[in-house]
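*Asks:* The chain contents come next:
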Amino acid sequence: MTTRTLIQAVNDGLRSAMRADDSVLVFGEDVGPKGGVFLATEGLTEEFGEQRCFDTPLSEDGIIGTAVGMAMNGLRPVAEIQFQDFIFPAFDQIVSEAAKLRYRSGGQYSAPMVIRTPYGGGIRGGLYHSQSGEAYFCHTPGLKVVIPSTPADAKGLLLAAIADPDPVLFLEPKALYRTVKGDVPDDDQPVSLSSLRVVRQGSDVTVFCYGAMVPVASGAAEAAAEKGISVNVIDLRTLLPLDEEGVLAEARKTGRVVTVHEAPRFCGYGAEISALIAENAIEYMEAPVRRVAGFDTPFPNTLEHHYIPDQRRVLDAIEEVYNF
Amino acid sequence: MTPISPPEPFTVTTLEGAAAGHDPGLQPDELIHAYRTLLTVRAFDEVCMKLQRSGRIGFSIPNRGIEAVSVGAASALDKSDWIFPSYRDFGMALYHGVRPLEMMHNMFGNGADAAKGRQMSVHFSFVEPLHFVSISSPIGTHLPQAVGAARAFQMRGEDRVCLASFGDGGTSSLGFHSALNFAGVWRAPVIFLCQNNGWAISCPSAKQTASESYAVKAQAYGIEGVLVEGNDLLAVREATRQAVERARSGGGATLIEARTYRMGGHSTSDDPKRYVPAAELEAWECKDPVRWFERYLAGVELWDEGLRERLEAEVMAEVDGAAKEAEQTPAPGLETIFSDVYRDLPTHLRRQGQESFEMAQRLGDPAAGDGAFPL
Ligand SMILES: Cc1ncc(C[n+]2csc(CCOP(=O)(O)OP(=O)(O)O)c2C)c(N)n1
Ligand SMILES: [Mg+2]
Chain A
0 MTTRTLIQAV NDGLRSAMRA DDSVLVFGED VGPKGGVFLA TEGLTEEFGE QRCFDTPLSE
60 DGIIGTAVGM AMNGLRPVAE IQFQDFIFPA FDQIVSEAAK LRYRSGGQYS APMVIRTPYG
120 GGIRGGLYHS QSGEAYFCHT PGLKVVIPST PADAKGLLLA AIADPDPVLF LEPKALYRTV
180 KGDVPDDDQP VSLSSLRVVR QGSDVTVFCY GAMVPVASGA AEAAAEKGIS VNVIDLRTLL
240 PLDEEGVLAE ARKTGRVVTV HEAPRFCGYG AEISALIAEN AIEYMEAPVR RVAGFDTPFP
300 NTLEHHYIPD QRRVLDAIEE VYNF
Chain B
0 MTPISPPEPF TVTTLEGAAA GHDPGLQPDE LIHAYRTLLT VRAFDEVCMK LQRSGRIGFS
60 IPNRGIEAVS VGAASALDKS DWIFPSYRDF GMALYHGVRP LEMMHNMFGN GADAAKGRQM
120 SVHFSFVEPL HFVSISSPIG THLPQAVGAA RAFQMRGEDR VCLASFGDGG TSSLGFHSAL
180 NFAGVWRAPV IFLCQNNGWA ISCPSAKQTA SESYAVKAQA YGIEGVLVEG NDLLAVREAT
240 RQAVERARSG GGATLIEART YRMGGHSTSD DPKRYVPAAE LEAWECKDPV RWFERYLAGV
300 ELWDEGLRER LEAEVMAEVD GAAKEAEQTP APGLETIFSD VYRDLPTHLR RQGQESFEMA
360 QRLGDPAAGD GAFPL
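Chains as they are written, first to last, in numbering that gives the first Met the number 0: chain A, 0 to 323; chain B, 0 to 374.
There is no bait here: all hints are sound.
Only part of the chain B face toward chain A is listed, based on derived beta-carbon distances under 7 angstroms:
(1) M119
(2) I200
(3) C202
(4) P331
(5) Q351
(6) G368
These are computed hints drawn from the structure, not numbers from a lab.
Note that the structure is a prediction, hence the values are computed from the model and not measured.
Glycine included, C-beta positions come from ideal geometry on N, C-alpha and C.
Please work from the sequences and hints to get the whole structure.
*Replies:* See below:
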């Protein structure tokens, strides 16, 4: 075990996958000699050469389109999109191509590849360096969507994503890149996709969250404990395909549920969790599911701290469902 | 196949400042205005760098080295024309009379900012004194928009043009292809100004294109292409003037590649020492666009050291004062999160707004981050 930040763990995961398999390639804008604008790929060009870790022209469409071609022809591309906000020129390649290739070819072709990209707010990046776009992608059959919140998961889930036979969108909470530290196994221990992580056991209220909202929810759970409310905090880790049985079991356990994400509320991931519970576990519920989310507005700049759910907003929701 | 030798960029003045009888088409006071604008851009840069280093603003984009491109190009436009700028075009706004204070309000994201503090710094938007269209971060998205706006001028028979500015990296975007293609087909009155400053963050041009130049790409779209020395202000002005004339007279679009060099980091968060060769910086230092223009002005007897000192002090006082005032200006109100999403506030946003007011009243304001932007 070594103590690493989340971004160092991403770097460890990439390095380890590249050492294990020559077909793993890392590319994107500024990922080469500079090592990425957040330094996720630092040192990879040095160790593996420009054939395996390289800069591309400034075209997300080109990055993902070429990744699809590489993936169908025996390579394992791990493409970086500099900010999730800039993924949209590649939306077509992801949604129409990578995600549908296996299905539309009757299983003859597939695109095993990983798209890594930092998402989320908290860095005063305004409209276009802060968004949480997971819902757009969770509406895309054929794609997997993964979001780590700890260094160990960042490495373990990334290794699993690279080994996965299908395209995986790997969303990295940039607000946590350097703010969370934790023990990371030195050897390769992939973390199964579609598995939940129990962050904290509790019996009164279950909070479902992921990414940068995990520490926020944990802080709220801590504060709730001081008020005598026992909160069960669940990190979903893989949004698609979701461990539905796991979610239902955790919901039934407390009968009171709060979902938390930074993305806008409307058609956000919390709605899916809420619907899943309403359809399958309504008889266990003691209170309506409460969603804490970003507002249904573009992401602001100066007032971003009002937009991003914080501990107080989550605690408020916990108390509300608890006292219902 | 015979290799095509790279063409030399078009210049008007020699490095020593001689312009061999060239008529810049600017009166002495206009030449001094252009010079003063260069100095204002430089002062604005310098002040923003200090503000960022002392943690008072989160982010800025240095313009050092490329000032003559934006000022030279802007000088060939009328106030009735529209600019679709990139984030490295301080000079275009300033040349046409946007005040440093208005720009500083954006840098601080305060309540007096035209965009109500919603955008990151350097993402300006103005409708007065000319249309300087709201800057978007996603690279290249504004290029087809400039063609559409130009088509509107064309349809209404108006004698106006659009100028869209972008970097060498921007030529790789989808928007670049669509825009040049549409502009060619429509003979749209639009000027594409590619500021080739050698870098797209840490990627040199060789990683961006295998073409001998960016200007040559125009050929494939059936529009004019010009390669110009970007640090020669009068050359950029002349190339833009000709392109504007072509656009106004129905001759269609032009792609101008202004070759220049980014004399610093991509942004205040970037460390260029990690990847920019020192020798290249040195080679471009002697082509500093401000000094170059000074030599031209001296040659036509409009400049001496005294003028520089006087103007530098003047613009620095103005920019400094603007920064102080913007810093004192209160942040935008909570309602600005919810307004302007649509023209009319929908019910669900009214409700979310009310909930957030109520929460701020009950629990106080949430903690703000330090605003340090990592890129
Ligand atoms: C679509 C998109 N992808 C990536 C980015 C991140 N990014 C911001 S600036 C930049 C480099 C731009 O280089 P260039 O076009 O040459 O302009 P310059 O900064 O040199 O003026 C990149 C990659 C972005 N803003 N938009
Ligand atoms: Mg550039």
